[in-house]
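Chain residues, written in single-letter form:
There are 4 protein chains.
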Amino acid sequence: MAKPLVGVIGVTQPKEKEALIAFEVGKLIGAMGLAMVCGGLGGVMEEASRGCDQAGGTIIGILPSGRKEDANTYVTYVIPTNMGHSRNNLIAHAADILVAVGIGYGTLSEIAIALKLGKVVLSYHSWDIKGVKRCNNLREIEDNLRHFFSQSSQS
Amino acid sequence: MAKPLVGVIGVTQPKEKEALIAFEVGKLIGAMGLAMVCGGLGGVMEEASRGCDQAGGTIIGILPSGRKEDANTYVTYVIPTNMGHSRNNLIAHAADILVAVGIGYGTLSEIAIALKLGKVVLSYHSWDIKGVKRCNNLREIEDNLRHFFSQSSQS
Amino acid sequence: MAKPLVGVIGVTQPKEKEALIAFEVGKLIGAMGLAMVCGGLGGVMEEASRGCDQAGGTIIGILPSGRKEDANTYVTYVIPTNMGHSRNNLIAHAADILVAVGIGYGTLSEIAIALKLGKVVLSYHSWDIKGVKRCNNLREIEDNLRHFFSQSSQS
Amino acid sequence: MAKPLVGVIGVTQPKEKEALIAFEVGKLIGAMGLAMVCGGLGGVMEEASRGCDQAGGTIIGILPSGRKEDANTYVTYVIPTNMGHSRNNLIAHAADILVAVGIGYGTLSEIAIALKLGKVVLSYHSWDIKGVKRCNNLREIEDNLRHFFSQSSQS
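Residue numbers (the working numbering), protein chains in the order written: chain A, 293 to 447; chain B, 293 to 447; chain C, 293 to 447; chain D, 293 to 447.
Isolated chain A (complex conformation):
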């Protein structure tokens, strides 16, 4: 049985609050025994990876470039695509549920595809697009993740 993946998407230059939340979300994912998928680079991606790594979780990083060495140091398995922004699409497909942190156009493209695919997108300080679930703090993100996976495990 394949393991579920939580997508963490967000900007490379987050504000302090966003970086902190990203780290905590990563830690939460690891603590819940889940794995995460992200874009593998810096900022929100790196903070979430660091948190997840600290909690013993597995991190899959899907890079826009073709060079494994571009991944942040916390990524467990690197998928270098050399496909530029099209790799955003892969993250939206690979994630079972997504957490978006911060405002950027790359993040928006990932949210758009994820919503197109009917996935749950939790949004913290990110785009307020029709269809996303806004979360104002870590607690709300945690509640949504736990709710999502308790439902999945019953189906």
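No wet-lab data here; the hints were simulated from the structure.
Predicted model, so just to flag it, every value in this text is computed and none were measured.
Do not rely on the hints blindly, as some may be mistaken.
Where chains are identical, the list cannot tell them apart; a pair therefore holds if satisfied intra-copy or between any two copies.
Pairs of lysine to any residue residues, derived as SDA-like cross-links and limited to a Cα-Cα distance of at most 25 angstroms, are as follows [said to hold, decoys possible]:
(1) Lys307 x Gly334
(2) Lys408 x Arg426
(3) Lys309 x Leu326
(4) Lys411 x Gln346
(5) Lys295 x Thr365
(6) Lys309 x Lys360
(7) Lys422 x Ala347
(8) Lys425 x Arg359
(9) Lys309 x Lys408
(10) Lys295 x Met324
Once you've looked at the hints, dock chains B, C and D against the given chain A.
Just chains B, C and D now, kept in the frame of chain A:
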């Protein structure tokens, strides 16, 4: 010298007003001696293709599927990608300027990538995202297109 | 009705004989009233584009990079993908029949996908893979192209 | 530090000998403490996944479709791409070294891209392309894998 391409992006099930504008935008592109690029399918894509074809313009249709026969009948050159939503990314890259018509998540992903690439996105009845230029009628779209290409030809 | 596309694929550093054939194949495509699709860069791609352009044909160039200015100067419509080697796949899908000139791994990947899709691949000084049709001169390429399109127009 | 990935590529309908080797290669990868990446479907991919799973290894499956449920049951992390044959390119990029089993055009496209990227490709009953290392049995595959990773760990 490569010919410029105007991207026309939008929903497969447009409202009547959106379908009409899409057709007129296509006709305008053809009349201006320009070529257009779109997703090659129905709705906004087909109406714009029909208009462009009627005005003698060339239409490049980049399909999500791998089957050329999925293109609408007005497309001049079909690029079947078999890459699903990742083909949205190709349209954002191929277009020099984009016109978005209607509200859909696929369209949103194209707008996001186009803005990420620093392109001008004209938005009619479409997503009101930071960075797009809202146009309320065909005249405003035409003014923006003419302004864009008069600048390009001087550079 | 969409216009058919002849794919011309090959190395960026062809031998003299290969460059000459590529140019002649491009000219032939234009003279036959057909359009061509290629990778849009130098070498075989540029020679074929130059020939096709000289004969009044249309050339679609699908680039690995995201920059339109990377295309050779004969390309009519540039599709910059920023998808690296994955753009090879697009050429194999877009072409109705392909002509391969010269030996390179990128060319091999295009041949492989084209054969996977059941397409005819004419090979001049290129990979001698099971499934390709070897051609020893321009005449054999021309005969195969004419035969292919006379059949298509009857179906 | 990211963990290395061994790519196992091959046909969906292998001969008995090929299926057996695929299973043994998977088991070997797991026993060596390595992870593997593959196309996630049946045949060689499934046999290798099963072997790797049995030896306690991790398997990343990169699917051509967009549906996680298309993966074989041994895949640990599923990356559904909805990019068709372009996903072959991702496997060639993600793998540090590849083992090819059996003759198919999809496999050939993966070999071509891997060689283009300068990677080592071990070939068992597969394409005899310039650049691959032919292996006639499991022992030769094992020797090559051990040699490759002993060198990597020193660099």
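Do the hints match the structure? See the list:
Only within a single protomer do Lys307 and Gly334 lie at most 25 angstroms apart by alpha-carbon distance; the minimum there is 13 angstroms, versus 42 angstroms between protomers. Both within a single protomer and between protomers do Lys408 and Arg426 lie at most 25 angstroms apart by alpha-carbon distance, with minima of 17 angstroms and 23 angstroms respectively. Proximity of Lys309 and Leu326 under a CA criterion of 25 angstroms is satisfied intra-copy only: 23 angstroms inside one chain copy versus 37 angstroms between copies. In this assembly of identical chains, Lys411 and Gln346 lie within 25 angstroms of each other by CA distance neither inside one copy nor across copies; the values are 27 angstroms within and 32 angstroms between.
For the homomeric pair Lys295 and Thr365, the shortest alpha-carbon distances inside one copy (22 angstroms) and between copies (11 angstroms) are both at most 25 angstroms. Taking CA atoms no more than 25 angstroms apart as the test, Lys309 paired with Lys360 passes in neither setting, with 29 angstroms inside one copy and 34 angstroms between copies. In this assembly of identical chains, Lys422 and Ala347 lie within 25 angstroms of each other by CA distance neither inside one copy nor across copies; the values are 33 angstroms within and 37 angstroms between. With identical chains, the CA atoms of Lys425 and Arg359 are at most 25 angstroms apart between copies only, with a shortest distance of 24 angstroms across copies and 34 angstroms within one.
Only between protomers do Lys309 and Lys408 lie at most 25 angstroms apart by alpha-carbon distance; the minimum there is 23 angstroms, versus 28 angstroms within a single protomer. In the homo-oligomer, the alpha carbons of Lys295 and Met324 lie at most 25 angstroms apart both inside one protomer (12 angstroms) and across protomers (22 angstroms), since each shortest distance falls under that limit.
The structure does not agree with the numbered hints 4, 6, 7 stated previously, though it agrees with the rest.
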